[in-house]
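All chains should be built: construct the whole structure from the sequences, respecting the hints.
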Amino acid sequence: MSETARTWRREAHGALVIAKKNALLYYLKPPVLIFGVLFPVFFFLTFKMGRPVAPEEIVPGMVAMALWFTATAVGPLVTPWERRARTYERLISSPISLRAILAGDVLSGLAFGACLSVIPIALGLALTDAAVTNALLLVPGIILGALSFASLGVLLAAPPASNPSNIMLLSNLVRLPLLFVSGVFLPIARMPAWARWVSPVSPLSYAGDLIRAGFGQVAYFPAWLSLVMLAGFTAVLFWGACRFHRRWRAKGL
Amino acid sequence: MAAAIQVHGLTRRFGDLVAVDHVGFSVSEGEVFGFLGPNGAGKTTTVRMLTGVLDPTEGTATIQGHDICAEPLAAREHLGIVPEEANVYLDLSVWRNVMLMAELHGVPRCRRVEEGERLLGLLGLGERRKQKARGLSKGLRQRLMLCSALVSGPELLFLDEPTSGLDVQSARLIRQVVRDLNGHGLTVFLTTHNMAEAEEMCDRVAIINEGRIAAIDTPDQLRQTVRASQYVEVSFEGPGPQEAALRGLPEVERLARQGERMLLYTRRPGRTAVALADLADREGLEVRELRTCTPSLEDVFLFLTRGGGGEKAP
Numbered sequence: 001m002s003e004t005a006r007t008w009r010r011e012a013h014g015a016l017v018i019a020k021k022n023a024l025l026y027y028l029k030p031p032v033l034i035f036g037v038l039f040p041v042f043f044f045l046t047f048k049m050g051r052p053v054a055p056e057e058i059v060p061g062m063v064a065m066a067l068w069f070t071a072t073a074v075g076p077l078v079t080p081w082e083r084r085a086r087t088y089e090r091l092i093s094s095p096i097s098l099r100a101i102l103a104g105d106v107l108s109g110l111a112f113g114a115c116l117s118v119i120p121i122a123l124g125l126a127l128t129d130a131a132v133t134n135a136l137l138l139v140p141g142i143i144l145g146a147l148s149f150a151s152l153g154v155l156l157a158a159p160p161a162s163n164p165s166n167i168m169l170l171s172n173l174v175r176l177p178l179l180f181v182s183g184v185f186l187p188i189a190r191m192p193a194w195a196r197w198v199s200p201v202s203p204l205s206y207a208g209d210l211i212r213a214g215f216g217q218v219a220y221f222p223a224w225l226s227l228v229m230l231a232g233f234t235a236v237l238f239w240g241a242c243r244f245h246r247r248w249r250a251k252g253l
Numbered sequence: 001m002a003a004a005i006q007v008h009g010l011t012r013r014f015g016d017l018v019a020v021d022h023v024g025f026s027v028s029e030g031e032v033f034g035f036l037g038p039n040g041a042g043k044t045t046t047v048r049m050l051t052g053v054l055d056p057t058e059g060t061a062t063i064q065g066h067d068i069c070a071e072p073l074a075a076r077e078h079l080g081i082v083p084e085e086a087n088v089y090l091d092l093s094v095w096r097n098v099m100l101m102a103e104l105h106g107v108p109r110c111r112r113v114e115e116g117e118r119l120l121g122l123l124g125l126g127e128r129r130k131q132k133a134r135g136l137s138k139g140l141r142q143r144l145m146l147c148s149a150l151v152s153g154p155e156l157l158f159l160d161e162p163t164s165g166l167d168v169q170s171a172r173l174i175r176q177v178v179r180d181l182n183g184h185g186l187t188v189f190l191t192t193h194n195m196a197e198a199e200e201m202c203d204r205v206a207i208i209n210e211g212r213i214a215a216i217d218t219p220d221q222l223r224q225t226v227r228a229s230q231y232v233e234v235s236f237e238g239p240g241p242q243e244a245a246l247r248g249l250p251e252v253e254r255l256a257r258q259g260e261r262m263l264l265y266t267r268r269p270g271r272t273a274v275a276l277a278d279l280a281d282r283e284g285l286e287v288r289e290l291r292t293c294t295p296s297l298e299d300v301f302l303f304l305t306r307g308g309g310g311e312k313a314p
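Those sequence lines, one after another, are chains A and B.
Counting in the numbering used here, the final residue of the first sequence is number 253, and the numbers go up one at a time with none missing.
Counting in the numbering used here, the final residue of the second sequence is number 314, and the numbers go up one at a time with none missing.
A few of these clues could be false.
[What the hints assert, rightly or not] Away from chain B, derived, C-beta distances all over 12 Å, residues of chain A:
no., residue
1, L16
2, L28
3, L33
4, F47
5, P52
6, R90
7, S97
8, A100
9, A122
10, P159
11, N163
12, S165
13, L169
14, I188
15, A223
16, G232
[Stated by the list, open to error] Just so you have them, the derived chain A footprint on chain B, three or more residues with Cβ under 8 Å:
no., region
17, 75-87
18, 131-144
[Stated by the list, open to error] Computed beta-carbon distance windows for the label pairs:
no., chain 1, residue 1, chain 2, residue 2, range
19, A, W197, B, C110, 53 to 63 Å
20, A, L170, B, G135, 31 to 41 Å
21, B, A2, A, T7, 17 to 27 Å
Calculated from the structure, these hints are not laboratory results.
The structure displayed is predicted, hence computed values, not measured ones.
Glycine included, every Cβ here is placed at the ideal spot set by N, Cα and C.
Right, dumping it as structure tokens:
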């Protein structure tokens, strides 16, 4: 095996170890449960109650919103929590790169988001007339969406705040506006012109669109564009996360 | 002997503050190297650079031949680290804490299980393997940190104040384990405020002050650098000789009284002691206690870091 292959294998192994550690330590932390699980439930109830919308029509939006909140909930918690507990130093002095550590954080966000998105899908299929008509769009929409959302979460964790609540506040400042312009509550085609201009800057727009297409509803973007954009968002957000985390680490923060 | 650590001109600035200023030293394989300094002298910053937590602003260092900037992962493969604050994962069990560090170092499963069990037993944590680290005392957490640092079989162990604030049992056990491992070839880089610990454990000691290395040598040689702090301590049964007679003894430079004991500061304690015994013999005095005292490592440390007290040897 070449040196490069050995290094990549080792980095991948390190990322999986970090993801496993995050799952054991952080999935059940109150901030993750509150911002990742309770938030979307209450948003859904707020959106649904008193509106004459067929239940099956809101299932894709519910799935996309749950995915958005769950996949972005883990990243902003892990690094500040570990900085405060001083366990972060143990990780960065171990023989895996910062990139592998952050990849592990992304993987744990991906797994959390993708696994929990099964719940609204199952409820939607069981309790409404919604049906999955194109799993080839639904599954990549969920996986790529969770990857890009988790990368955003890890990027948001870069500023050197030792108190996790500061980063959770910052993450909500970013997540909530993006949620409202992403066509989750109202299809993008029916949104005002300014919102239609803004919605392409949100990865949730593309993931929500793919999920909607997976449930047989009309998509706003072509499927190929959504897939490419989600892959692009993942690459750019992860690159940014590595860059900013490295910058703060180099400053000793 | 090959160098486990080579440091050349290592410097770290935080804005205008120079925390570590062109530090250079070398640690041989199998050596226990003490790194001493007052608070804020640059000890921890140096260790954080060597262990990959901080990037140096200038200078280079190698760990087992691997440059810490050019080959950081290869350099860190050889390290075990026990920081001052036992930063274990409080919500993980003792066993999971140890296994996590083994997995991060890529230790194969069968070896990490075997080694983890052996180390937990050695450090008295075998019966607590399922307990969450949150429930451990400070001493037990520090033992757990040592287990986690050793489970990957490092060639070089960084210990940052490993026994600071620990109960006597834990401190003694940690020192004993480290000494035994050093006997089997482990190189140890020990940062400590505890001079007795440094004196007892270290082959060589570096003293850092205001970001610069003030001295590097064996504890014995360092003591020799403060010659004016050597003295002869004497006490007599009944009234002793006149102070003037003591001042007149060869090489005596200064006299001090400490209760019933007289301290005769001298550059040549042996010669002064012989002259003192002759004086007592001549005057029919009975000596109760007579001993020559060289400066402790603590005296050297204070001399080098406060610039006070003694006179440095040429």
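| query | Cβ-Cβ distance between A:L170 and B:G135: within 31 to 41 Å? | reply | For A:L170 and B:G135 the Cβ distance comes to about 33 Å; the hint holds.
| request: Say whether it holds or is violated: A:N163 keeps its Cβ farther than 12 Å from all Cβ of chain B. | output: holds, 17 Å
| field | Check on A:P159 being off the interface with chain B, judged by Cβ distance over 12 Å | value | holds, 18 Å
| message | Taking 8 Å as the Cβ threshold, is the statement that the region 131-144 of chain B is covered by chain A upheld or broken by the three-residue rule? | response | Violated: only 0 residues of the region 131-144 of chain B have a Cβ under 8 Å from chain A.
| Looking at A:P52 again, its CB stays over 12 Å from all of chain B? | holds, 47 Å
| Taking the closest pair, is the beta carbon of A:L169 still more than 12 Å from chain B? | holds, 23 Å
| field | chain B versus A:A223 - minimum CB to CB distance exceeding 12 Å, so not interface | value | Holds: least Cβ distance 39 Å, greater than 12 Å.
| Once the closest CB in chain B is found, is it more than 12 Å from A:A122? | holds, 29 Å
| Least C-beta distance between A:I188 and chain B, which was stated to exceed 12 Å | The claim stands: A:I188 keeps its Cβ more than 12 Å from every Cβ of chain B (closest is about 42 Å).
| request: Could you see if the CB distance from A:W197 to B:C110 stays within 53 to 63 Å? | output: holds, 59 Å
| request: Decide, holds or violated, for the assertion that all CB atoms of chain B are farther than 12 Å from the CB of A:L33. | output: The assertion about A:L33 holds, with a minimum of 15 Å to chain B.
| Given as covered by chain A, does the region 75-87 of chain B meet the bar of three residues or more with CB within less than 8 Å? | holds (count 7)
Checked against the numbered hints above, the structure violates hints 1, 2, 6, 7, 8, 18; every other hint is satisfied.
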